[in-house]
Amino acid sequence: MTLNLDHFEAALLFALLASAMLGLITKRTDRERLRYGVRCFAWFMAALFGIGWFMRILHG
Amino acid sequence: MQAGLGGGVRGQAEGNLKGPCVYAVKIIVMPSSSAVADSTAPTRSPLLLTGLAWLIPGSGHLLLGRRGRGAIVFATVLAAFLIGALMRGPMFHPGGNGDLLSRLIQIGGFVGDLAAGLPYFLSVWLGYAPPDSAGHAADYGSKFLVAAGLLNILGIVDAYEIATHQKD
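Read top to bottom, the protein sequences are chains F and C.
Counting along the first sequence from 1, when you hit position 58 you're at 58 in this note's numbering, and nothing is skipped either side.
Counting along the second sequence from 1, when you hit position 128 you're at 128 in this note's numbering, and nothing is skipped either side.
Think of the hints as simulated: they come from the structure by calculation, not from any bench.
Virtual Cβ for every residue (Gly too), placed ideally from N, Cα, C.
The reader is advised that the hints may include incorrect statements.
Quick look at which bits of chain C chain F covers, simulated, 3 or more residues with Cβ under 8 Å [unchecked claim]:
1) 68-77
2) 96-109
3) 128-140
4) 145-154
To give a feel for the contact side, a few chain F residues facing chain C, derived at Cβ under 10 Å [to be verified]:
5) Leu-13
6) Phe-14
7) Leu-22
8) Arg-33
Far from chain F by the CB rule (all over 10 Å, computed), these chain C residues [to be verified]:
9) Arg-44
10) Ser-45
11) Leu-47
12) Gly-51
13) Leu-62
14) Ala-80
15) Ala-115
16) Phe-121
17) Leu-122
18) Ser-123
19) Val-157
Given these sequences and hints, build the entire structure.
So this is what it looks like as structure tokens:
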């Protein structure tokens, strides 16, 4: 059994896992952890799309 | 008078007694205050906890009574490792004949792989050694394996800080 993810799917999964861990270890209350995790995920996505569009514009 | 008296009773008892009796009351009351101090002390050695948290991701939190957080650490590290293994990502090996930068990358990657703990040892034991093939899937897989170890390091540090009362 193998998994063949494309670039976007792999980046999405990595963002999800990293956000969960960062949210878990940084804040004090569960609510703060959830908010921080969601915010991290949103920033990951913003960077993913931002850098993606930047590279597209750069390469034409 | 019993051990475990509250502050008010203790103060009243000390106020009514003089001389050697005060010391007697203090001796009787002392176990109560030391019992309170013991409840906040670490129940396990932080170093032992760190080693266990490395071997089994999330076990450090579990031993500290943070079951939910331990389960999330375990699931996160295991998911990252499984995704990497299913994408047939190759492991890093510290020995190599490349230039300095290549060797540094290999050593850093090896440390990341090793930090995953038991999943790494199990996969090596089961003979997981895919070839370093070209293509984005294997490349991402290799990075997911390292990411699993790095996420576990975050979990280990968190468990250590909880064990040493640096955070809740």
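When the hints from earlier in the document are held up against this structure, which numbers fail? 2, 14, 19
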